[in-house]
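Asker: Residues per chain, in single letters:
There are 4 protein chains.
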Amino acid sequence: MVVVLEKNISDKLIENVIKHLEDFGFAVHKSTGVEQIILGAIGVKPDFDTRKVKILDGVAEVYRITEPYKLASRTFQKNDTVIKIKDISIGANEVVMMAGPCSIENEDQIFTIAEIVAKSGAKILRGGAFKPRTSPYAFQGLGEEGLKLIRKAADKYNLLVITEVMESNQIELIQEYTDIFQVGARNMQNFSLLRDLGKITKPIMLKRGLSATVEDWLMSAEYILSSGNREVMLCERGIRTFETSTRNTFDLSAIPVVHKRSHLPVIADPSHATGLRDKVLPMARAAVAAGADGLMVEVHNDPEKALSDGPQALLPDQYLELMNQVKLIAGVIGRTM
Amino acid sequence: MVVVLEKNISDKLIENVIKHLEDFGFAVHKSTGVEQIILGAIGVKPDFDTRKVKILDGVAEVYRITEPYKLASRTFQKNDTVIKIKDISIGANEVVMMAGPCSIENEDQIFTIAEIVAKSGAKILRGGAFKPRTSPYAFQGLGEEGLKLIRKAADKYNLLVITEVMESNQIELIQEYTDIFQVGARNMQNFSLLRDLGKITKPIMLKRGLSATVEDWLMSAEYILSSGNREVMLCERGIRTFETSTRNTFDLSAIPVVHKRSHLPVIADPSHATGLRDKVLPMARAAVAAGADGLMVEVHNDPEKALSDGPQALLPDQYLELMNQVKLIAGVIGRTM
Amino acid sequence: MVVVLEKNISDKLIENVIKHLEDFGFAVHKSTGVEQIILGAIGVKPDFDTRKVKILDGVAEVYRITEPYKLASRTFQKNDTVIKIKDISIGANEVVMMAGPCSIENEDQIFTIAEIVAKSGAKILRGGAFKPRTSPYAFQGLGEEGLKLIRKAADKYNLLVITEVMESNQIELIQEYTDIFQVGARNMQNFSLLRDLGKITKPIMLKRGLSATVEDWLMSAEYILSSGNREVMLCERGIRTFETSTRNTFDLSAIPVVHKRSHLPVIADPSHATGLRDKVLPMARAAVAAGADGLMVEVHNDPEKALSDGPQALLPDQYLELMNQVKLIAGVIGRTM
Amino acid sequence: MVVVLEKNISDKLIENVIKHLEDFGFAVHKSTGVEQIILGAIGVKPDFDTRKVKILDGVAEVYRITEPYKLASRTFQKNDTVIKIKDISIGANEVVMMAGPCSIENEDQIFTIAEIVAKSGAKILRGGAFKPRTSPYAFQGLGEEGLKLIRKAADKYNLLVITEVMESNQIELIQEYTDIFQVGARNMQNFSLLRDLGKITKPIMLKRGLSATVEDWLMSAEYILSSGNREVMLCERGIRTFETSTRNTFDLSAIPVVHKRSHLPVIADPSHATGLRDKVLPMARAAVAAGADGLMVEVHNDPEKALSDGPQALLPDQYLELMNQVKLIAGVIGRTM
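Residue numbers (the working numbering), protein chains in the order written: chain A, 25 to 361; chain B, 25 to 361; chain C, 25 to 361; chain D, 25 to 361.
With the rest of the complex left out, here is chain A:
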């Protein structure tokens, strides 16, 4: 932590600030300039609330100099985390495609879509059995019945399963059926859930919260990592801004930002980020061009009848076109798909 003192501060006040810092457990180094004095406060305290120093008399500014996360940091682990599930590697050279419907609706639907996405090159089947819906009156998912269906469909077409968990009580049940747990944007700071997911041995995909900074997001990953589960991937799915012409604002710059700060893989979800089908193709291309380690897209064989989020689901033909284009883009930057 760096503490900048006010100009013309008295010696007594300087001593008082230093004493406080030492009481907080820091080693203090004083640097006296022509106009201003700077104190370096050193000690490993990633969670120290710097406002405790900011409110002391004579303190002008305070800056934290260490990242608040450790295990998620590129400083802690230089090499990229690669998550291996059966023959799939997430975070390696291959850009991984996750596709499927928003919600699992019935046997026919999930099997039809699983076949479509498997043929066009998806490796992982997505589909919600427990749905976090803004309205209590909206379709909330099939529950365990949905989990059984997606598992069967995935197995038939040699796909992995990713599905969302909404609360700790569901972990045991979902674990029987899924390969990857998804934590939704609205639960990104549900710390109880994160901690419980840190105790299991299956990979977690952590979606970015609507108003989460990159730092908040990595801190939430830290909850899972520090509880013992090191198989965490992140998913950018749009943030909330003043712009309303798309459902959210797809923050693709976050991909290279995360890759610099952290070793964790980053997936991009253009379906939720834009919320409209005709924006999914260009933004999927852009995500891969920006360096995403995987894509998650919604596909539906009959989106007009989908029970949730049909308008953002790709039609089978559109999905095929998307796969063709993003494969070529992956190739441009030396990746496979």
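Honestly, the hints are just simulated from the structure, not real lab data.
Here the structure is a predicted model, which means the values were calculated and not measured.
Incorrect hints may appear among the rest.
Which copy is meant is left open, because identical chains are indistinguishable; a pair holds if it fits in one copy or across any two.
As the list claims (entries may be wrong) - Restricting the straight-line Cα-Cα distance to at most 30 Å, the calculated cross-link-like pairs of lysine-lysine (DSSO-like) are:
no., residue 1, residue 2
1, Lys102, Lys223
2, Lys94, Lys31
3, Lys31, Lys43
4, Lys172, Lys108
5, Lys143, Lys43
6, Lys36, Lys284
7, Lys176, Lys78
8, Lys102, Lys76
9, Lys108, Lys284
Given chain A, work out where chains B, C and D should sit, using these hints.
Answerer: Relative to the frame of chain A, chains B, C and D by itself:
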């Protein structure tokens, strides 16, 4: 729902749109203007995803005309909800003060602060036993021990208790000790938790999420209300914007906005909204002037040593000054405190 | 500027960073801790782009420690700036009321409204002759004819005039008629205009831009101040956020924030901040309670027929009620009105 | 415009609303449903302030159904606008590269950079002679001397020139030297400047304001178009959000959004959007993949010594690598570069 068709649309397309609307269960009324045709689609479907219509060929724009919430709406209930707990009424003429530390730290701390706030006119003692912290390494609260302490302290000074619940598994335990459950900003869209809180009989204070619109917030209230619990109050505690000179941006306009749309009481929390002690007094005054039904403020007898959020806690003298000023402001608008 | 070096950095890299800092003109103080080295770079360079250091090899973080503004800073001038125009003082104990229509429309309108606001205690008459409108097809103001009318109306009712300037070419003309120049939110970073307004001798009210941080805002004030004009007041009128239930989000916390950092007076404009008449009264009360040095509100005798922004204009009776209430609130915090 | 009336509204109130609409000049069509009445108000009034209706008694909601812009709309002009300057076409199949330094600093610098970018495939040389700087103390550009230098350098290497205009008074001077006028983000709603640029015959590149919605942006384009100049291109350069890990948030989804609503070309500026050199390459790729009609990037032969924005300027080698990669990406979507 109002559906605006594109100019110069063919009759066949018009029929197709109308057919879709009828299949979705709407009664359709067609209004033909000089330049454009408008379809009114009427039917009680608060959760209908209007994007399903927006993607149909020939559709220019779609507007939902009914609020997506029912029980939370002023249309549903004209009179203000007044929540009575013992001799306290929240949502009535009196502006209610909730005060206390961020976290319950030990017996001495909570009893000292309880005495201070009770003497200066608080009716409800706040304090966290389970703390949602951004960092997994930060103090996470005393748990049940904390609940016991706050209950004892409140009883001694004739105060009610409000404390935060972070997950459904904690409800049963917390229920033994608290008078009001608080749902934190990060859990505002933890729908599983909201639904479970709808099944109990104690009042809930629902804090606004960092990126929640007023509509999202009322939808989350609807989750609790529609599960059976009608004693819900809202709490404005700042939203996340580009401005960083305060911790959050205190959206005081949301108070009259909510009062117009909903019958639920609105509390304001200037401590979390601003994050710095010297901004709490002016913003507490502003919140009461804007029409808040109550205030929640953090008070600490020794904020420099507080285990969490000390920098935004008022000192006892500051709290007394705040009470004196806000009482006068309440009087200006005909309210008591 | 404080430069935090990466852990385990080589001596050669350290020397390289120090050399760069010295070449940039800074005096460098090195502080070596157990884990990390911190460099203090001292020298008066308020406009130095710290990213120049951030991109050097071995640099982990860079923090600017001096405010980028000088003349606008409370550090530079301890005492509040008080702007005196005739017998009015802005920035002193009295909370000053500026009221009038959005646009000057005709003689009858401006005289009628001038009379209403003068009787109820306004000191300054507002009204636009040159209107910045989002649409090129909207009413753009009466121009010089409008200036003449507002001057006459103000003189008749013993009011001062404030009106908006949109470009440097208008300064000479407007100067003949107005007492205070207003710079609109959309021109807050029209640096050419700001510099030209710094060369005149009449006070300037600088509205905050829709996406301006408090620091940006003070930097724009610095443009005017550094060109020679020290009579600058600021005006908070709402910022743009994701919330759409009000036209903008009224950032009232900015009032105490500015008062701490700067000596310049702060006016609040609840009419533009909320955009709807029924929110103006509560938010005017809140603004005074938060410490505003003045209010600017829109009043219209016949808002349904107003040529611009009628929906946010107060009716004469509402204006009178507002004056009565805000006077009492001003009294609570020891101010007059 | 669609006006939704409140439930259970009296006949008298309905008539009153209809009368107001007719007085405003609209033709009104009434559509009576089971629960609610909807009025369609039809008439060509793109600038009508819908709040005038929203405040009438008995009105629940009001929706504007026509876009507020005309000339900028895809409805008005189906075919893409293609701007031809000498042998360059902007908005056609070719993705056009604009590159150069942030500021023109001296003859050696601009000639060196011009040669670099010309060799690697840029068609247009960028460089500022008049610089809008947040700080009044920062380098403000070389003025006319800079214009002369960039023109000479561009001519030598067969490039076109794009440079920024900050105020109407500069138009005549800049016109002698430039091929394209750039309007900066901070001037996007400087309506006086936009109108004056509408009267000239050279193309304009209009950068998106930091807090401008796509609609605001197109409205500003409408100012130029409606004054007579139809050669307008837009430039996405990042918007301001809560995320601070990049300078701005690059809203790449805006590219397909604008392409659907408008016929105007869209350029993308990854240098200003991200603010850091190592993010420019991935985001340039992403912009082309998202469908940008051109790129604008900052290049500097010696960025450590650049007088402005050096940290976001690419080194010559990085620029060459960028060109190689984006050409391949352009090819994937069937475009040349």
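Asker: In ascending order, which of the hints set out earlier in this document are inconsistent with the structure?
Answerer: 5, 7
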